[in-house]
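**Q** Take a look at the letters that make up each chain.
There are 2 protein chains.
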Amino acid sequence: MKAVVPFKTVNAKSRLAEILTAEERERLARLMLDDITGALREAGLQVVLLTTTPYQYDAEVVVSEKDLNSSLNDFLSTEAEPVMIIMADIPLITVKNIRDMLASPADVVISPGRGGGTNVQYIKEPRKYHVDYYGASFLDHMRIAEDNGLTVEFFDSFNASSDIDEPQDLVELYIHGRGRAAEYLRSFMALDVSNGRVKIVRDVQKVPEGRRPGRSVATQ
Amino acid sequence: MKAVVPFKTVNAKSRLAEILTAEERERLARLMLDDITGALREAGLQVVLLTTTPYQYDAEVVVSEKDLNSSLNDFLSTEAEPVMIIMADIPLITVKNIRDMLASPADVVISPGRGGGTNVQYIKEPRKYHVDYYGASFLDHMRIAEDNGLTVEFFDSFNASSDIDEPQDLVELYIHGRGRAAEYLRSFMALDVSNGRVKIVRDVQKVPEGRRPGRSVATQ
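Residue numbers (our numbering), protein chains in the order written: chain A, 1 to 220; chain B, 1 to 220.
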């Protein structure tokens with residue numbers, strides 16, 4: 001069974017630009033992707049990366065210049081087997097989460113994202129369904145399922161609902177993450193709890209790998 | 001078994017002031033409380049409201065002028081039975097969520113809040129535990145459990161993790177809520193998806209109950 005992961009190869013995670021450099025965002029996006037595809041494979045799924053430009057990745061890579069909805073709907077219209085569509089920015093998702101979705105008796109399983117979004121959809125009969133990822137997509141997807149006479153399970157998971165879009169979202173990854181993306185983040189960022197609300201800040205004590213200045217051992 | 005719900009009776013939900021009046025915030029806070037205590041009772045729990053000032057409510061009301069941690073720790077130190085501590089601003093929580101927590105074999109079950117917080121804790125042996133609700137409380141609670149040799153279950157729920165603190169959080173309640181708080185919110189607010197990100201705005205077409213001007217039926 002296939003899991004389609006749309007992945008932005010150019011200027012990924014631009015809303016994190018106020019806190020991370022372009023290089024750091026690119027690396028974080030790639031590590032989040034690795035964490036997610038690792039979990040998908042462990043759950044027995046075959047990963048299909050959907051990109052707008054060619055990209056080197058150890059998976060089937062489908063390149064489409066169409067917008068996200070059209071690309072995904074093209075894909076769905078040709079699939080006879082069940083399909084999972086999963087966003088590339090939900091690194092907290094676990095193998096158990098994926099297995100629990102696969103075990104659902106519903107025709108469509110939808111895991112919401114924050115702010116009305118849709119983070120994961122597991123679609124039993126792709127030809128009877130289509131996606132609509134802009135705006136309050138959760139409500140749109142509920143309506144599309146209903147219009148097609150399909151049963152829906154609301155997948156109630158903190159892990160799957162935590163998409164990493166804005167600086168504040170990095171707090172979730174920093175605190176709860178167990179994969180490589182979280183490890184990377186913790187290698188050069190820190191939590192700041194000085195002001196009531198928990199924030200994430202650059203840790204001047206830590207320096208990310210590959211950016212370490214050539215100090216001698218004695219001064220470290 | 002008791003479920004303790006800390007409830008702020010004065011200037012509740014002040015971070016929603018930019019979008020809701022004091023009266024609306026007070027009503028919303030009360031309806032969220034009603035939704036949560038309703039679910040707790042349906043799951044068989046006895047509700048204890050913890051407040052800083054006397055408050056009329058159909059439950060045991062414990063008034064303490066101490067800070068949240070001290071009040072709760074005083075309470076825990078006298079309880080022999082398991083206790084659930086649950087925040088009053090997580091109106092999406094369901095009876096099933098509560099039952100699932102109660103069914104856990106772990107010594108402590110912790111449901112995270114957004115941004116490092118702790119939204120629900122189910123504590124089997126309250127005298128062996130204490131709470132620390134400021135800063136990144138999730139990490140503090142994990143550490144307290146570990147220091148006391150207690151096993152912890154991370155309770156992975158979108159519903160239980162969605163605390164309603166800031167205007168943006170109201171989007172979750174508006175879209176996913178099934179209780180009275182969501183119904184109230186939907187009676188005078190609307191979603192705005194015009195700008196990419198889903199926001200909640202006052203709906204000029206809707207007027208909240210009790211604020212309806214005395215129009216004649218003919219003009220409505």
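Worth double-checking, as some hints may not be accurate.
Stated by the list, open to error - Listed next, the in silico DSS-like pairs over lysine-lysine satisfying Cα-Cα at most 25 Å (straight line):
(1) B/Lys8 / B/Lys66
(2) A/Lys128 / A/Lys199
(3) B/Lys199 / A/Lys199
(4) A/Lys128 / A/Lys66
(5) A/Lys96 / B/Lys66
Derived from the structure by calculation, the hints contain no laboratory data.
Here the structure is a predicted model, which is why all the values come from computation and not from measurement.
**Q** Determine for every hint whether it applies to the structure shown.
**A** Structure-based check of each hint:
{"no.": "1", "hint": "B/Lys8 / B/Lys66", "verdict": "13 Å, holds"}
{"no.": "2", "hint": "A/Lys128 / A/Lys199", "verdict": "43 Å, violated"}
{"no.": "3", "hint": "B/Lys199 / A/Lys199", "verdict": "22 Å, holds"}
{"no.": "4", "hint": "A/Lys128 / A/Lys66", "verdict": "21 Å, holds"}
{"no.": "5", "hint": "A/Lys96 / B/Lys66", "verdict": "41 Å, violated"}
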